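The whole structure should be built from the sequences, with the hints applied where relevant.
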Amino acid sequence: MSGARGWLRLIPVAVVVTALLAGLVTWLQGSGIQDDLAARSRSALDAAGLRGGDVKFSGRQATLEGFPAEDAGRALGIVQGVDGVESAQASGGAGPAQSAPSPAPSTTPPASPPPSPSAPPSAPPTDRDGIQAELDRKLAAAPITFEPDTAQLTDQGEQAARDLAPLLRDAPDNVRYRVVGRVADGPGGRSAALKLSRNRALTVIRLLIREDVPPDRLLAVASTSGSDSGNDSDRRVEITAEQR
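Heads up, the sequence shown is in my numbering, so the first residue is 1 and it goes up one at a time.
Bear in mind the hints are in silico, worked out from the structure with no lab data behind them.
Quantities reported herein were computed from a predicted structural model and do not represent experimental measurements.
Beta carbons: idealized from backbone N, C-alpha and C, even for Gly.
Among the hints, erroneous ones may be present.
Unchecked claim - Restricting the straight-line Cα-Cα distance to at most 20 Å, the calculated cross-link-like pairs of lysine to aspartate or glutamate (EDC-like) are:
no., residue 1, residue 2
1, K195, E238
2, K195, D149
3, K138, D127
4, K195, D170
5, K138, E242
6, K138, D170
7, K138, E158
8, K195, D185
9, K56, D36
10, K138, D163
11, K138, D155
What the hints assert, rightly or not - Derived CB-CB ranges, DEER-like:
no., residue 1, residue 2, range
12, D212, A142, 19 to 27 Å
13, D170, R206, 16 to 24 Å
14, D127, G186, 36 to 44 Å
15, P187, K138, 32 to 40 Å
16, G189, T126, 18 to 26 Å
17, A142, L202, 17 to 25 Å
18, V221, Q159, 19 to 27 Å
19, A165, G189, 28 to 36 Å
20, T126, D155, 15 to 23 Å
21, D155, L202, 31 to 39 Å
Here is the structure:
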């Protein structure tokens, strides 16, 4: 029995010794980790050209001392980036280093330049003389022409007639138009020439009516040049404004 009591007295001693040994191992391991973090942090700072301060560790938490104010923020960021470091602060109460947030991209579209001032569009003429002057100007720039010896408009002639339609349509109601077909006297004689002339005038009138020009304001007139030249001036239509 006395032997058993002796072993029982030794058990608490063994427990205490085991705890002390475990604590020693833990302390040595922690010290080794701190030394490793400090060494690697110091190397990172040296590589960045920051040699004016010191780094100390408590566990995995770093404290930076002695860095100039203009370098402290950069040093915190470097130490925080070392693998295994949980946080870094500068002595004096600076918090853990945090990377500055990237500025949010602007969603505001660039301001458009102000529109350049432009002259207001001129009002269409409303009197007979003004309308006639505008008709003459347009027909001189783009005459209403036909294929030779036919009442078929050329492509250019058809477009020229369409371009005239707004001017005729928007004029005052008391203005009407004489549409004159010009042809030269050909082998068929004057009668055939007048017939072709009238058909050309009617072709233009039908096109203008399709473009919403009132039909009661359009009058077809046949005319010949009295010659047999057959040049371009004898294959066209003239339009004359008249006031009712």
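Now for the hints, and whether the structure bears them out:
no. : hint                    : in the structure
1   : K195 - E238             : holds (16 Å)
2   : K195 - D149             : holds (11 Å)
3   : K138 - D127             : holds (17 Å)
4   : K195 - D170             : violated (30 Å)
5   : K138 - E242             : holds (17 Å)
6   : K138 - D170             : holds (16 Å)
7   : K138 - E158             : holds (13 Å)
8   : K195 - D185             : holds (11 Å)
9   : K56 - D36               : holds (11 Å)
10  : K138 - D163             : holds (9 Å)
11  : K138 - D155             : holds (16 Å)
12  : D212 - A142: 19 to 27 Å : holds (20 Å)
13  : D170 - R206: 16 to 24 Å : holds (20 Å)
14  : D127 - G186: 36 to 44 Å : holds (39 Å)
15  : P187 - K138: 32 to 40 Å : holds (33 Å)
16  : G189 - T126: 18 to 26 Å : violated (43 Å)
17  : A142 - L202: 17 to 25 Å : holds (20 Å)
18  : V221 - Q159: 19 to 27 Å : holds (23 Å)
19  : A165 - G189: 28 to 36 Å : holds (34 Å)
20  : T126 - D155: 15 to 23 Å : violated (32 Å)
21  : D155 - L202: 31 to 39 Å : violated (19 Å)
When held up to the earlier numbered hints, the structure conflicts with 4, 16, 20, 21 and fits the remainder.
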